[in-house]
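Number of protein chains: 2
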Amino acid sequence: MSLIVQKFGGSSVRDAERVMNVARRVVDTYKAGNSVVVVVSAQGDTTDDLIEKAKEINPKASKREMDMLLSTGEQISIALLAMAIQTLGVNAVSLTGWQVGMKTDSKYGMARIKSIDGERIRNELDDNKIVIVAGFQGINKYDDITTLGRGGSDTTAVAIAAGLHADLCEIYTDVDGVYTTDPRIVPEARKLTEVSFDEMLELASLGANVLHNRSVEMAKKYNVNMSVRSSLNLNEGTYVKEESKVEKTLVRGVARDNDVARIAVCNLKDEPGIAFKIFSLLAKNGINVDIILQSIGREGFKDISFTVSESNAEKAEEILTAEKSYLGFEDIKISTNFSKVSIVGSGMVNNPGVASKMFEALYDANINIHMIATSEIKVSVLVNKDNADAAVKAIHDKFNLA
Amino acid sequence: MSLIVQKFGGSSVRDAERVMNVARRVVDTYKAGNSVVVVVSAQGDTTDDLIEKAKEINPKASKREMDMLLSTGEQISIALLAMAIQTLGVNAVSLTGWQVGMKTDSKYGMARIKSIDGERIRNELDDNKIVIVAGFQGINKYDDITTLGRGGSDTTAVAIAAGLHADLCEIYTDVDGVYTTDPRIVPEARKLTEVSFDEMLELASLGANVLHNRSVEMAKKYNVNMSVRSSLNLNEGTYVKEESKVEKTLVRGVARDNDVARIAVCNLKDEPGIAFKIFSLLAKNGINVDIILQSIGREGFKDISFTVSESNAEKAEEILTAEKSYLGFEDIKISTNFSKVSIVGSGMVNNPGVASKMFEALYDANINIHMIATSEIKVSVLVNKDNADAAVKAIHDKFNLA
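Quick note, the sequences are listed as chains A and B, same order.
Each residue of the first sequence is one higher than the one before, starting from 959 at the first, in my numbering.
Each residue of the second sequence is one higher than the one before, starting from 959 at the first, in my numbering.
A hint or two may mislead.
Each pair may be met inside one copy or between any two copies, as identical chains are not told apart.
Straight line, CA to CA, 16 Å or less: simulated EDC-like cross-link-like pairs of lysine to aspartate or glutamate [claimed, not checked]: (1) Lys-1242 / Glu-1276; (2) Lys-1013 / Glu-975; (3) Lys-1315 / Asp-1355; (4) Lys-1087 / Asp-986; (5) Lys-1011 / Glu-975; (6) Lys-1013 / Asp-973; (7) Lys-1011 / Asp-973; (8) Lys-1061 / Glu-1077; (9) Lys-1065 / Asp-1101; (10) Lys-1149 / Asp-1132; (11) Lys-1149 / Glu-1194; (12) Lys-1199 / Glu-1175; (13) Lys-1291 / Glu-1268; (14) Lys-1087 / Glu-1077.
Bear in mind the hints are in silico, worked out from the structure with no lab data behind them.
All values reported here derive from a predicted model rather than from experimental measurement.
Could you put the whole structure together from the sequences, leaning on the hints where they help?
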């Protein structure tokens, strides 16, 4: 008998019919002989509606009160799901974040989980009940309700799985699993049977967007076996687990990210401290930087290029231009006409040929590379936005991922 | 400086505009130099909507899950009200039933308050905050959320006032206060400056319906000064407090209750135990009986008449008819063509003339009396429904209540 944690998002429970579907799904898992803990998000648009109600009254409402308000969304879902399961003749009990001892820090609106007291859940499971827990919420040391910010419900599910030493944490979403690349770009894209935690982290941050990185990082830390599958069918999903020691895949998948702007700071003095000045300025202003490239300019000078999200591009330019004399550059240019295309695979660590094979695929497709960045299990390039889809196809074919 | 508890019902907070009105009201009280605790109900139709959501999924949902669901209504209200008060530059904090230690028994859906731990509220008040507490909810020994049933929010307010030794508990509603009688029947009806707890109890159970009896009983037990006033204007309301020792009013008001059915059980044997058998049967089946009248039938027999609510009339008849041979009666008749009209006044205890003055008023108006019942501070009569309004007018005039 296994202990399985299942998480369902807002669209999976958005109305009575959907709630009943989830209930049947959960009961099937239970009747197959498993202990089941279910984590649910607020129904459909509930969270947005509550935010609207709040804005109407106070656009600058305190985060503490927003958390009090928003946590009602999940509380409604868990009660309705418990009721639905009861109609199927199985005993179920719903529990809020505070009732399961989901202890967090005090950053209202984006709280971090510190610990979870599994006693209440265990007692209810020992009573043969299906336990339903509200995602996205916890309680801080002041006995106040906190919400967990983006990815909160996925993270709740993993935290519970970790705390209870569950056998599996299944995240139900509206896609079948993780694919070698976006099927909308490459129809031949294949669903992966499994990916490692690190590969999932790289794929997620590169735009795959199936699981929140936060939950994958926690799963990696506590070695929680995860799977991503669809709530709309019974297909096996993609397992996310510790990477296999025996065989590592060279390239697991190809990701594309359109939300990229390149900023080129031209003709900086070629002396120490320049990079430090530029990037600490940006960091102080909350601008995340992705790829950084330094190249040689004319004698005694250098150029530094880097990428940020498109929404941060103007702000980054303003910040640096305001410090032009301090930083000492001649020119600064923004371009949003780029996409980032990346390959991810735990096996490329000891295989230098992987990167060059990617470059070959792009050369064969006559696609120019503007920037290159690599990490242990990832190679990213910047190409023109118009070329992005073709680049993904070319690479996908080159590595026979279909 | 006083500590005042203010309670606002669902219609008072049903939309953003109304919430802001309440916020201004509360802040005015606070700025006048008082400590303020506010108790609010769920917005407008929220509770009904939640019940509908539940019914759609499971018409026989467990009470425990209904309480989990319904308590979100009040939780939304308290957060929105706190946000509204914050826009007025005053610090406010919302607290759920469990956060204020509102401990109840475990009768989900109709829980009774056992105790309240005032520490959290006191700490927040000491911090000069306006404290907003969710009405209608508490927590039981299993750390489960419970709701308090009818009159729950009024009762929450009185319980907090009692627990904190508040100076006043103001219940805001949509009428100006308690009147000598229903102004829709007698336009000259006068608003009472004050009534005693007992008078309020009699008036409420007789259909005045301004305050729930439960809250008045608790106020009486813990001697909490209450007032009933309108949320729509600034008029002084009616105070509800310990009766004045100095002067008691003979008749405080006239109440009329149309929800009355009379059941006559005819020709029972005139021997001991009959009344006991009839009324314990009814009690076992949860039928509340109001007035009981026993009269002499033919030799060796007696008739027993009693009143119940109209909705219980058929059930009562069925129950007794099913035991016809055991009870030994010949005939049973229901009539719903009656109204109960009552006068209430703490002063009538030692004034036998009060009842006869009431009967005189009815006689002068040519209205027939079908049943009479009296208690220490109340005289009730049953008249034909058609005569009810005229009866109220006649009595109201007779006692110069306008």
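Comparing the hints with the structure gives:
In this homomeric assembly, Lys-1242 and Glu-1276 come within 16 Å of each other (Cα to Cα) only inside a single copy, at 14 Å, whereas the closest approach across copies is 80 Å. For the homomeric pair Lys-1013 and Glu-975, the shortest alpha-carbon distance between copies (13 Å) is at most 16 Å, but the shortest distance inside one copy (30 Å) is not. Taking the shortest Cα distances, Lys-1315 and Asp-1355 sit within 16 Å of each other inside one copy (11 Å), while across copies they are farther apart (103 Å). For the homomeric pair Lys-1087 and Asp-986, the shortest alpha-carbon distance inside one copy (14 Å) is at most 16 Å, but the shortest distance between copies (50 Å) is not.
In this assembly of identical chains, Lys-1011 and Glu-975 lie within 16 Å of each other by CA distance solely across copies; the values are 11 Å between and 26 Å within a copy. Taking the shortest alpha-carbon separations for Lys-1013 and Asp-973, only the inter-copy value of 13 Å comes in at or below 16 Å, while the best intra-copy value is 25 Å. Taking the shortest alpha-carbon separations for Lys-1011 and Asp-973, only the inter-copy value of 9 Å comes in at or below 16 Å, while the best intra-copy value is 20 Å. Proximity of Lys-1061 to Glu-1077 under the C-alpha cut-off of 16 Å is restricted to the intra-copy arrangement: shortest distance 13 Å within a copy versus 22 Å between copies.
For the homomeric pair Lys-1065 and Asp-1101, the shortest alpha-carbon distance inside one copy (13 Å) is at most 16 Å, but the shortest distance between copies (25 Å) is not. In this assembly of identical chains, Lys-1149 and Asp-1132 lie within 16 Å of each other by CA distance solely inside one copy; the values are 14 Å within and 62 Å between copies. For the identical chains of this complex, Lys-1149 and Glu-1194 are intra-copy neighbours only, at 10 Å inside a copy versus 71 Å across copies, given an alpha-carbon limit of 16 Å. Taking identical chains as interchangeable, the C-alpha atoms of Lys-1199 and Glu-1175 lie at most 16 Å apart only when both belong to the same chain, with a minimum of 11 Å there against 61 Å between chains.
Proximity of Lys-1291 to Glu-1268 under the C-alpha cut-off of 16 Å is restricted to the intra-copy arrangement: shortest distance 13 Å within a copy versus 82 Å between copies. Proximity of Lys-1087 and Glu-1077 under a CA criterion of 16 Å is satisfied intra-copy only: 14 Å inside one chain copy versus 35 Å between copies.
Violated hints for the displayed structure: none, as all numbered hints are satisfied.
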